Every structure is written in C-alpha cells, then in structure tokens.
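Q: One letter stands for each residue in the lines below.
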Amino acid sequence: MKRILILYIIFFSAFFIINKSESAQVKPQEINRFKLKDIIKYFPFTKENSLKEWEEKILKGHVIYKIERDEVDAESYVRAESDNAASALYYKMPVEIEKCPVIKWKWCVSEFPKRRFPEKIDLKREEDFAARIYVIFPASFFPKSKTIEYVWAEKLPAGSFGSSAYSKNIKIFVLRSGKCSEDWQHEERDVHKDYIELFGKEPVLNVGAIAFMTDADSTKTRASALYDEIKIGYKE
Amino acid sequence: MRLRFVIKKKYHAKYLFLIIASMAVPALIVGSFLYYFIFTVVAEQLGIPEIIAINLLPALRKVNITIVLSIIPLFVLLIFWALLLLHRFVGPIERIEGDLDKILKGESVQLRVREHDEIKGIIEKVNKIIKKLKS
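Sequence lines, in order, name chains C and W. Counting with the working numbering, you get residues 1 to 236 for the letters of the first sequence. Counting with the working numbering, you get residues 1001 to 1135 for the letters of the second sequence.
Among these hints, one or two may not hold up.
Cut-off 27 Å, straight-line C-alpha distance, at most; resulting in silico cross-link-like pairs (DSS-like, lysine-lysine) [unchecked claim]:
hint, chain 1, residue 1, chain 2, residue 2
1, C, K193, C, K35
2, C, K220, C, K179
3, C, K155, C, K144
4, C, K114, C, K155
5, W, K1062, C, K60
6, C, K52, C, K41
7, C, K124, W, K1062
8, C, K235, C, K92
9, C, K92, C, K231
10, W, K1134, C, K144
11, C, K104, C, K144
12, W, K1062, C, K168
Just so you know, these hints were derived from the structure itself, not from any lab. Here the structure is a predicted model, which means the values were calculated and not measured.
With the hints as extra help, turn the sequences into a complete structure.
A: So this is what it looks like as structure tokens:
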C-alpha cells in the first residue's frame, strides 16, 4: 500500500514539474486563418535592391543575405548564408498592438548549424538558429523592451517556447522543426495572441521593428535559410 | 590655510546646502540625461536584442557599478569643496559682524581681512570710512 502511495506521489510530482517547465508547448496556429484588412508593409523581395530598405545589425561577422531568383518559376526570395557569423536584417516600423497585428511569411531551412550539445532554447553557448523572425517591442528604457522570436529549430519540437539565455524579455517560439520537407513553409502569427501566450500578460508596448536572422556564430559552423513574402498588417 | 569649518550655524547650514545643491542638481540632471540618452541611442542602433544583451548590457552594468562606487567619494569631495567655498564667502561675514559689534561697543578696531577673501575690497573701503569718521 505504501509503495503504491509513493509511486502515486512520484507520478503526480513529475506531471506537475513537466507542466511547469519553461519549455512549454503551444499549438501552432492554423494557416490562412487571418485576413488582413490593413496591410502595413509587404516585402515580396522581387527586386535586386529589395534588401536596401533593411538595416544590417551585426553581432559577429556578416551573414550573406542576397536576392535569388528561381529559374523554374521565376520566383525571387532572400537567401541567407551564415559561416560562423551572426547579423540580422532589421526594419523599423510602428505597429499598434491594440489593432491585433498579424505577421505572415514563408521560409525554408537548407542547412542547420551543427551542434555539439543537445539543442536547447536557453543554451547560451550554442544559441544559433538557422532561421528566425523577430517582432520587437521597444520600450523607452531599453532593458524593458520585449521581443518575440519565431524560430526554425532542428530538434526542438514545434510549438515549444521559452525565454532566451540572454534575457527573460526575449521569448523564443519554435514554429518549425527538422528539415524543410516541402519547398516553402508558410506562417502567419497573431502577434497579440502570441505575446499573451509567451509573456503571460497583455502587451503594453507597441511593435517597433521586425527583423530576420540566420546565425551560426556560437556553434562556429554554417547555416542557411530562405525567406520570402514577409507581410505585416492588422487582422480583419 | 586656516580651516575652521564651523562658522556661524545659521549661515553655515544655509549656504552649505545652497552650494551643494547648485553643484549636485545640475550634475544630476545632465548625468541622468546623458546616461539615458546614450544608452537609448546605442540600443536603438544595435536593434537586435541579442546584440544589445551581449554588447550593451555588460557596459551598462559596468557604468552602474562605477556610479555606485564613486558616488560616496564624490559626495565627500563635494562637501569638502563646498566648505572651502563657504569659508571664502561666509567666513568674512561672521568676522565683520563680530568686529562691528566691537565698534558699536566703542572699541577701536579695524575690520579684519584675509588675502583670499572675496570681499577684501569692500572691507578695505569700510576701514577707510571708519578711519575718516574717527578723524
């Protein structure tokens, strides 16, 4: 009887610990759920100079971001290639959070950074992701700024999220995991809803910028990804 | 140099406070503004939160530690400097008051003046007037 009781306690303790762990999981939102009534900005990346309006923000070295054109269907997109480098493309724009902004894009990872340790959201020494999209909420005092990072991980399960190793104000949300099975994966995120799920409270700051980055500087390896059709607007 | 820090209390506290406030308040306003402005501008330029966390937050921590460590010695220095200024301006006032009291009692004295007193010129002229009035 005592043994059963002990096993019972161990089982429920493990259940609560697992449920309370930071790498919680949320169900990925369905695609084509949101119609945009007001498009704030659309980046089709159709022109050679499409990346000129994006600012490069450098952490280490330069990631090569270039516009490529698919010869078969004449579709153009951004190819990002990192060789032991981390630099992001950043676009400043005011977006009112109260109006329920939605961000849409499509992406595909062609090469993941090679890790020596198991992939973790909050592992500083190998904090590399082949593809990530930032939604940044700047505060008047910068340490209070908040950020949502939608990432494409290699091993972490899709839907898992947690705080970055650098700050609790940076939430990393794994949208995709593993190899890019098809040509492109389409995403659309309700930023307001995601903010509440990730930070556990209503947002008070507006979106001030978006960015995307492919990095492989922490692992000192290579990573490569494709990005296209980034669109931000307000939900209908 | 004569350093007698306790002058007349009513002058002492008032002017000491005024001198410290006139030095500390502008320094605090300018310092706070620069602190906020520099870090905000740099953070805006860095943009990406990881870049800010790696490059700017350690610098912010160092600056904060430096401020905390230097604030007490700076305040002591400020008080010392305020007392020196106080002696140059308020010291003679106390002395003149004492000397004038003696003159009113009928004593024959001259107002004393020190080489570095700011109101040296005025005291010398008052001494000349007292001399003329006597003659």
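Q: It remains to establish, for every hint, whether it holds in the given structure.
A: A quick look at each hint next to the structure:
In summary, the hint linking K193 (chain C) to K35 (chain C) is supported, as the alpha carbons are separated by about 15 Å, within the 27 Å threshold. Our distance criterion of 27 Å between C-alpha atoms is met by K220 (chain C) and K179 (chain C), whose separation comes to about 20 Å. Of the pairs offered as hints, the one joining K155 (chain C) and K144 (chain C) is violated, with about 30 Å between alpha carbons and a cut-off of 27 Å exceeded. In summary, the hint linking K114 (chain C) to K155 (chain C) is supported, as the alpha carbons are separated by about 11 Å, within the 27 Å threshold.
Proximity of K1062 (chain W) to K60 (chain C) is assessed by CA-CA distance (about 22 Å); at most 27 Å being required, the pair is judged to hold. Of the pairs offered as hints, the one joining K52 (chain C) and K41 (chain C) holds, with about 15 Å between alpha carbons and a cut-off of 27 Å not exceeded. Between K124 (chain C) and K1062 (chain W) the CA atoms are separated by roughly 21 Å; this keeps the pair inside 27 Å, and the hint holds. About 20 Å separates the Cα atoms of K235 (chain C) and K92 (chain C), which keeps this hinted pair within 27 Å; it holds.
With a C-alpha separation of about 14 Å, the suggested pairing of K92 (chain C) with K231 (chain C) holds against the 27 Å cut-off. Straight-line distance between C-alpha atoms of K1134 (chain W) and K144 (chain C) comes to about 75 Å, which puts the hinted pair past the 27 Å bound. Between K104 (chain C) and K144 (chain C) the CA atoms are separated by roughly 26 Å; this keeps the pair inside 27 Å, and the hint holds. The straight-line distance between the Cα atoms of K1062 (chain W) and K168 (chain C) is roughly 21 Å, inside the 27 Å bound, and the hint therefore holds.
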